[in-house]
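> Taken in sequence, the protein lines are chains D and R. The first sequence: position 22 = 21 (numbering that gives the first Met the number 0), numbered continuously. The second sequence: position 18 = 17 (numbering that gives the first Met the number 0), numbered continuously.
A portion of the hints provided could be inaccurate.
Some chain D residues close to chain R (C-beta under 8 Å, calculated; not the full set) [unchecked claim]:
(1) Ala-160
(2) Ala-161
(3) Ile-163
(4) Pro-164
No lab work stands behind these hints: they were computed from the structure. In this text, a Cβ means the ideal position worked out from N, Cα and C, and glycines have one as well.
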Amino acid sequence: MTIAQVFREEHGRAVAVLVRAFGDIDLAEECVQEAFATAVARWPVDGVPAAPAGWIITTARHKALDRLRRESVRDDRQAEALRLAESHSGRDPVPEEGPVLDDRLRLIFTCCHPALAPSARVALTLRLLGGLTTAEIARAFLVPEATMAQRLVRAKGKIKAARIPYRVPHDADLPERLRGVLAVVYLVFNEGYTASGGDSLVRDDLCHEAIRLGRLLVELMPDEPEAVGLLALMLLAAARREARTDGDGRLVPLPSQDRARWDAGLVAEGRDLVRACLRRGRPGPYQIQAAIQAVHTDEPTDWAQVVALYDQLLALAPTPVAALNRAVAVAEVEGPSAALALVEPLPLERLHVYHAVRADLLRRLGRFTEAADAYAAAVACTSNAAEVAFLEARRADVTAVGRRTSSRP
Amino acid sequence: MTRYLLSVYQPSTGERPPPERLARIDADLAEIHADLQAKGSWVFAGGLAGPSTATVVRAQDDEVLLTDGPFLEGKEYLGGLAVVEAEDLDEALGWARRFAEATTLPIEVQPFL
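Same shape as in the complex, but just chain R:
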């Protein structure tokens, strides 16, 4: 089995979907999470608060430097992630496809070492 990171990329600009649409997305995601657990593929999954809530920590000499905001400023940010166990890439891509359909957002699939 290989572990894969599924990253959900969200546009920084643009309108938030209406509440009923968000409720639908949440319901679909809950169903995928349940299926992941039922299949024994579940490791972890969750959504992230926006990039404005991020803090970057750097160790320099003996000091620790904190900066406000995300490490990378971009047109998209990491909106959520899932870690899944899969037999091979095709199986991981199958989960990614379901996340992409549920969120209508692009999903990046990357194996762990």
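Here chain D stands alone, though its shape is the one from the complex:
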């Protein structure tokens, strides 16, 4: 195991344990950072320890205690923190099970607290649980590094001053708070997957990190079917990631994708999870979306089943985007005319996918001029190079066909 792997896997655990022990996020972050720096110097010489995570946590804890001892000489508050930490550490020699898992869960709920701005929740989760650097998070979300740094400082300041608690919410609040956590993880995934712009390597990282967090939530809260549903949804989408673009980076729509390029392992795991969570009989939006993705991995796609699943989804979470996706499935079952009637009234003029779907339905209805206009509207709504290229090519096609048909006598 390399230090980089240990870092990615164990950073969140180490920070979580130290936040509980010392009650200070900044101190926890800095000491875990220092522990990894020590590892970089020592492990190549001494060899990787048998329990790398335990080594990191112990080293970070010692660094934190040293720092508090030094600072307690001149500061009563630090002395108080030191007393608290020492009373903990006496009976708490780097636990590897139960309580450690709880620490990471506590940290996720703190990072995703609804009193923090949504953008800060995402940034804190990636920083503290994922160990991404401020620069990496800034690049992924296309904001200047100074802006992201300020966002993180402000969020950590609010956690401290307003005393946002470091614990798993009470049962009564848990369903709503868990929905918030799942939303943050899904947002990280989508930012990596649908790529509104930016560096592709960082975007791969975001997808991996979201799936890692999804796995962690399932491991920590195995009785929450929506957590399982979200993981399945991300795995099934990630399975098709490679096949979404061709060798030249052009987008390939689902029906024309080469199924041999799908990741069979991820497809199988995702389908198993969908079956497992739906068996519990507590369906939710993520489970149903995952089920839809699972149907798409069948050959051929059972479109009537997809429409039925979207009906269920809309009953639970009526959003215009879900209605748009349902219309795409309706086009396959009842034809483009029925679908277009469903699409037209949706309030999604700012979404490129809305215009792209409309354009495709108009093209299938032989209304080429209107289709070309709709493709142009779609292009105007996205900055993603692969999507622009795809939409422009489609627009050129319908324009050419339109000219041929209209010049016919």
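Chain R: place on chain D using the hints.
Then chain R, alone, in the frame of chain D:
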């Protein structure tokens, strides 16, 4: 324990609720105040007279300058406040939620230093 200020923001324009609705709000607030005291979270709570009753005092050089009216003119004004002791933000937000439900007005929650 941390102290939190819960501020009730009231729109400057719009109609006053009918008397029976106001009586209901008063009864709900009295119940929250009693619960705050029972839980040991009570510090202070009360409603304020309207912004037209406010006076601003400024010390300039050796003189004191008085002006009529509120310091900030806005679409909303501070209609009332509560100061509560709470273990953490979640507990303070729980009280704020009850005030928001009773008054149907937005409540701002802010910790004291």
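> All the hints need checking, so say for each whether the structure fits it.
Evaluated hints:
Residue-level restraint check for D:Ala-160 holds (minimum Cβ-Cβ distance to chain R is 5 Å; threshold 8 Å). Taking 8 Å as the C-beta cut-off, the interface hint given for D:Ala-161 holds, the closest approach to chain R being about 5 Å. Interface restraint check for D:Ile-163: the shortest CB-CB distance to chain R comes to about 5 Å, inside 8 Å, so the restraint holds. Checking D:Pro-164 against chain R: minimum C-beta separation of about 4 Å stays under 8 Å; hint holds.
In this structure, none of the earlier numbered hints is contradicted; all agree with it.
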